[in-house]
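*Asks:* Here's the letter readout for the chains.
There are 2 protein chains.
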Amino acid sequence: MKLGTLKHTVDHKPVAGDFAIIEAPVPACPENGVLVRTVHLSLDPYVGSRLRGRHMGEAAPEPMKGAIPGAIVGQVIESRVPSLKEGDWVQSMEGGWQEVCALTAEHVRKIDPSVAPLAAHAGVLGMPGLTAWSGITQLAKVGAGDTVLVDAAAGPVGGTVGQIARIKGADRVVGIAGGPEKCALVTDTYGFDACIDYKAEGWKDRLAEALPDGLSVFFENVSADMAMLALTHARIYARGVLCGLVDAYHTETQSQHPLNAGLIIGKRAQLSGLVVYDFYPRWDEYIAEAAPWITSGQLKFAEDRAAGLEEAPALFERLMNGKNKGKAVVTVAPESV
Amino acid sequence: MKLGTLKHTVDHKPVAGDFAIIEAPVPACPENGVLVRTVHLSLDPYVGSRLRGRHMGEAAPEPMKGAIPGAIVGQVIESRVPSLKEGDWVQSMEGGWQEVCALTAEHVRKIDPSVAPLAAHAGVLGMPGLTAWSGITQLAKVGAGDTVLVDAAAGPVGGTVGQIARIKGADRVVGIAGGPEKCALVTDTYGFDACIDYKAEGWKDRLAEALPDGLSVFFENVSADMAMLALTHARIYARGVLCGLVDAYHTETQSQHPLNAGLIIGKRAQLSGLVVYDFYPRWDEYIAEAAPWITSGQLKFAEDRAAGLEEAPALFERLMNGKNKGKAVVTVAPESV
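First to last, the protein sequences are chains S and H.
Counted from 1, the first sequence has number 27 at position 27 by this note's numbering; the numbering is strictly sequential.
Counted from 1, the second sequence has number 1102 at position 102 by this note's numbering; the numbering is strictly sequential.
For the record, the hints were derived by calculation from the structure and aren't laboratory data.
Virtual Cβ for every residue (Gly too), placed ideally from N, Cα, C.
Be aware that a few hints might be false.
[Claimed, not checked] With beta-carbon atoms standing in for the labels, derived distance ranges:
| id | chain 1 | residue 1 | chain 2 | residue 2 | range |
| --- | --- | --- | --- | --- | --- |
| 1 | S | R80 | H | G1214 | 35 to 43 Å |
| 2 | H | E1310 | S | E209 | 32 to 40 Å |
| 3 | S | Q256 | H | K1141 | 26 to 34 Å |
| 4 | S | H107 | H | K1141 | 58 to 66 Å |
| 5 | H | P1292 | S | M56 | 19 to 27 Å |
| 6 | S | K199 | H | H1250 | 23 to 31 Å |
| 7 | H | D1213 | S | H107 | 23 to 31 Å |
| 8 | H | A1208 | S | G191 | 44 to 52 Å |
| 9 | S | E209 | H | T1104 | 35 to 43 Å |
Model the full structure from these sequences, guided by the hints.
*Replies:* So this is what it looks like as structure tokens:
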């Protein structure tokens, strides 16, 4: 089978040439788990950080041997546990860049293939969607009267943040994204009220204009500086979710991500750190709530799809440079065999 | 009557020589308010900041004319509103350094002189106590299982924070204060489990030892750096109340008070900015809850008392340098006339 690995250790923002697709033996089915044929592979920014050993203390894969980490959606082809049987559809954060994954049962979540397109379980119903739901419904508790600002709004977290905020009753949803094409996705597909292109001149003035009554909630995906910019537009008692600091994933020096405590006090702001791992036990609850939104058309998503593991390195490089258009998903094998 | 004012504008940490006690005419009773004879005058750190025009956008008093701002406890001597009558005891944040205060009714809160010593309404039942209660019960929502850390723990805010935390069920309460005398007050009078002297060598190791299972709540009175030190000892999901940044009240350059967003996320911390003004409408509720704690001996307080307005400048200078021992209160006139 094919397996995607690092050619060498990396200490830079990964590029396509850092990866190798090699032949590896099909693993044996673990005693307390399953073998899964990988169908959809999710590419996510945190993996870029993890390949450099910078993510939550987790180790980078061994070059020319270990699979690149990545969430997968796939189908059980062999099982040694009673809870899972051949043919079941599953999602796992522990799959990785490989055509067949050996997974212990605790790392596998069974999914219902009828509730939504299977690839959605890599994005809007996957970890990015769960992240958005956790921040909006469990931490910021968005409801009627809220004005919500989110950056990286064209991405699968940011785009879902705004849409769930709207579903939960927010009055106004504003995004920040890079370039007119992404901004169009945010307003035209995701239905945000406005999206500010941070690459355009005068964008900070545009942001102020888009928030005439300030914001009551911000969801931070990019940096401490952006969080502080959001806070300058905050009404008092605003809630902020600190989720990602992707701007610093590949900086040469580790940032202190400075937030201004004086501004937080002055605004009586409430800031919450979000790590989506904590909400994995509530994944099924999220899907039960969100799948009908997809069916009804209230929750939209965009995908940047590649076909075949060989295409993963190039798509990953695009992701690292923000050039993907929607959730980066590699369809490793056809859904039906 | 006597009135305390600035001799000149100040752009340094105020010293006794910056103040003048002058003779001023007794003001007239406002149409919509009362005249109050000042009995107890509260001296508070925020006033030092305000005298430099640095507090919440509020103006400094006019030199040789306007009274130094300060909360007072006093007795109505003339009233033009039906809600207040001669002889009523009142508290006001708008009193100031003067023997008689002219106050509009909206700035006056009637107090019951029987629930606690009158001077307590300047400290433990006054703004410092309300600050502590708001942060512990309304923001951090301290209860059983919590370990609480607070700095400036010998002061009226910090000391009350720890005691209310204990009353609300906290398992362990740790303070930080400057010098053995203050630390003894914190442990022996306020009953904290431990108090770390930040002026002693190796104090950061002592702090770690005092928090063997980490903290679940911290209440920050001093600086962003201290908040980050607290966060390094935080369990995940810790709650932090950002209340005061007194270390920067008198720095030459305005600080950015940097908090590390990465650490906040990693700890899944929840930080809340606290401005006590917001809780003024709940003052009577606080007193109703806290006065019985004073009677029962669960809530202790210490005072550094001076007698006569002439003594206010020297006590204020001691306060600015952290040399006060307990709540700084000037008893301007006897309680009974």
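*Asks:* Please name the hints from earlier in the document that this structure breaks, with their numbers sorted from lowest to highest.
*Replies:* 2, 4, 5, 6
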